[in-house]
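> Please arrange chain B on chain A, whose structure you already have, making use of the hints.
Chains as they are written, first to last, in our numbering: chain A, 154 to 596; chain B, 110 to 195.
It should be emphasised that the hints constitute simulated quantities derived from the structure, not laboratory data.
Think of the CB as a built atom: it goes at the ideal place given N, C-alpha and C, for glycine as much as any other residue.
Where hints are given, some of them may not hold.
Unchecked claim - Chain B side only, calculated, beta carbon under 7 angstroms to chain A, not exhaustive:
id : residue
1  : Thr135
2  : Ala146
3  : Val151
4  : Cys160
5  : Ile164
6  : Leu184
7  : Glu186
Stated by the list, open to error - What follows is a set of in silico ranges between Cβ atoms, one per label pair, in the way DEER data are often shown:
id : chain 1 : residue 1 : chain 2 : residue 2 : range
8  : A       : Ser443    : B       : Gly174    : 39 to 45 angstroms
9  : B       : Gln118    : A       : Leu359    : 34 to 40 angstroms
10 : B       : Gln118    : A       : Ala217    : 29 to 35 angstroms
11 : A       : Thr530    : B       : Gly174    : 41 to 47 angstroms
12 : B       : Gln187    : A       : Glu331    : 45 to 51 angstroms
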Amino acid sequence: MMREARHHFDVLVIGGGPAGMAAAARAAECGVRVGIVDDNFSLGGQIWRGHSDDNQKHDKQGDAQRGEAARWANRVRISGVTALCELRVVHQPETGVLLAENLDGFCELTYANLILATGARERFLPFPGWTLPNVMGAGGLQAMVKCGLPIRGKRVIIAGTGPLLLAVAAYLRQHGAEIAVICEQASWGSLAQFGVALFNWPAKILQALQLKRDIAGVPFATNSWPVAAHGKKALESVTISRAGRVETIPCDYLGCGFHLVPNVELALLLGCGVRNGFGEVDDFQKTTVSSVFCAGELTSIGGVGLALIEGQIAGLAAAERTSEAKALFGDRQNARRFAQLLDRTFRLRSKLRSLPLPETIVCRCEDVSYSRLRGHTSWRSAKLHTRCGMGTCQGRVCGPATQFLFEWTPDSVRPPVLPARIETLAAIAGQSEMLQSQGTGEY
Amino acid sequence: MLSQATLTQVTAMVNHVPVVVPSGTTVAVAIVLAGQACRTSVTGEPRGPLCGMGICFECRVTINGQLHCRSCQVLCEQGMEVDTEK
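This is chain A alone, in the form it adopts within the complex:
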């Protein structure tokens, strides 16, 4: 079905989380032809992952999210959006054309307007033992549980920073996990300020109170972080620094993530301007590249609320409904202030730069240790001399880590932005003819 296919859309959305779904639905409701692409097997992104088939009735926070997720999923379906799942964009062979592949083959996607809603990933910081199996991201562990990992009766430590830690702890606990402790690196003082500032967003106060009930009795430690993970073939225990006191706790899983960083690679590939690591957009979510919009966590880390508003603005603007888009500017302004609050509250303390030991691996793809990186002055120098960031993940994990550890700025991305099969690469104009003339091509 896939091979040599070409799909054209008036509005093409990349990323099927809340921002992408809202963008797709609003655009399609204006009567234009809309496609939405996601690399996962269903829409929803990370935050709404598995909500369509999750049946945990006592999960109240989940209930509210499920309602919102279901409403948008419905709007996407009813408005006639073409959903292309398990499909990943790897390259832009020419302006206005994207090359994408799935497990079966590849296709080309063309568009009049493109909306990037590629979301965010967790920031991982290296510490001794973080490469052991069963040490995962906090969101990563939650995703695994949503995808069938049995967690009932398992002892789990949640660590890092950001509101995601509490949401993950609540989710895992509702699914039967014993949460030994939540380690939040932020200080009690900055969390207290966060709590006071929350009064500007009444809906978020309710969410916070619900979360507090969901994790009642779970030890929550501020000024705390993992110092080392231990185990032979997989995780057995974690040493944490808990408000200055070091202790070792046996556990089955460690979920550890230090807030979120945007998935900016595709925007960079397309030449979109980036400011402070985020996609740069105007009032209508337009990037610096004509016909290309960005929405959601790609422009700032503001959660589902901001993502839905930005997605809608981008979708409406891409369908040329500017007055309807403008009507949402006020809501966005308010939601963006929350993003700024998150940024202030969960800023990483410099102490975390001293977590890796000399032998601690920083680049997991190429097993490059901290000591080999320490002497370099830039990301590029480190790449050229050590292969840091040149492995399969293309620096998606060690890039944000080294940015924090050494204040390096990752440079431009190179196509393909994800590892791709040779047949897919051969589809790029010119190479396909060359392969064909040599008789090695597939078509």
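The following block gives chain B in isolation, referenced to the frame of chain A:
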């Protein structure tokens, strides 16, 4: 009420050993349940899933002969052959 997804089970083969999981389970989860590492790093460390969302590539394995599949983004199917990377 249980959803359809939790009513059926599938058997995937992880390194030729059968693993029975509810349908809707990802291959990454089946590998963890089989007690296997997903891959061995360039210096010989066992590695398992990290990000759970297709970013880190730590969970990449061979699925039905297809190399370098991110197992956290593929659902188990009946009779699926999964080989962890050595």
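> When you take the CB atoms of Gln118 (chain B) and Leu359 (chain A), is the distance between them in 34 to 40 angstroms?
39 angstroms, holds
> Per the CB criterion, is Thr135 (chain B) less than 7 angstroms away from chain A?
Holds, because the Cβ-Cβ distance from Thr135 (chain B) to chain A comes to roughly 4 angstroms (cut-off 7 angstroms).
> Lying within 41 to 47 angstroms: is that true of the beta-carbon distance Thr530 (chain A) to Gly174 (chain B)?
44 angstroms, holds
> Should the interface hint for Val151 (chain B) be scored as holding, given a Cβ-Cβ cut-off of 7 angstroms against chain A?
Status holds, d = 5 angstroms.
> Please verify that hint: Ile164 (chain B), Cβ, nearest Cβ of chain A, below 7 angstroms or not.
With Cβ-Cβ at 5 angstroms, under 7 angstroms, it holds.
> May I ask you to test the hint 39 to 45 angstroms on the CB atoms belonging to Ser443 (chain A) and Gly174 (chain B)?
43 angstroms, holds
> May I ask you to test the hint 29 to 35 angstroms on the CB atoms belonging to Gln118 (chain B) and Ala217 (chain A)?
31 angstroms, holds
> Ala146 (chain B) was flagged as interface toward chain A. Is the shortest Cβ-Cβ separation under 7 angstroms?
6 angstroms, holds
> Using the beta carbons of Gln187 (chain B) and Glu331 (chain A), state whether their distance is inside 45 to 51 angstroms or not.
33 angstroms, violated
> Have a go at the Leu184 (chain B) hint: is there a Cβ in chain A nearer than 7 angstroms to its own Cβ?
6 angstroms, holds
> Given a cut of 7 angstroms on the nearest C-beta pair, is the interface hint for Cys160 (chain B) held or broken against chain A?
5 angstroms, holds
> Using 7 angstroms as the Cβ threshold, decide whether Glu186 (chain B) counts as touching chain A.
Violated, because the Cβ-Cβ distance from Glu186 (chain B) to chain A comes to roughly 11 angstroms (cut-off 7 angstroms).
Hint violations for this structure: numbers 7 and 12, all remaining hints satisfied.
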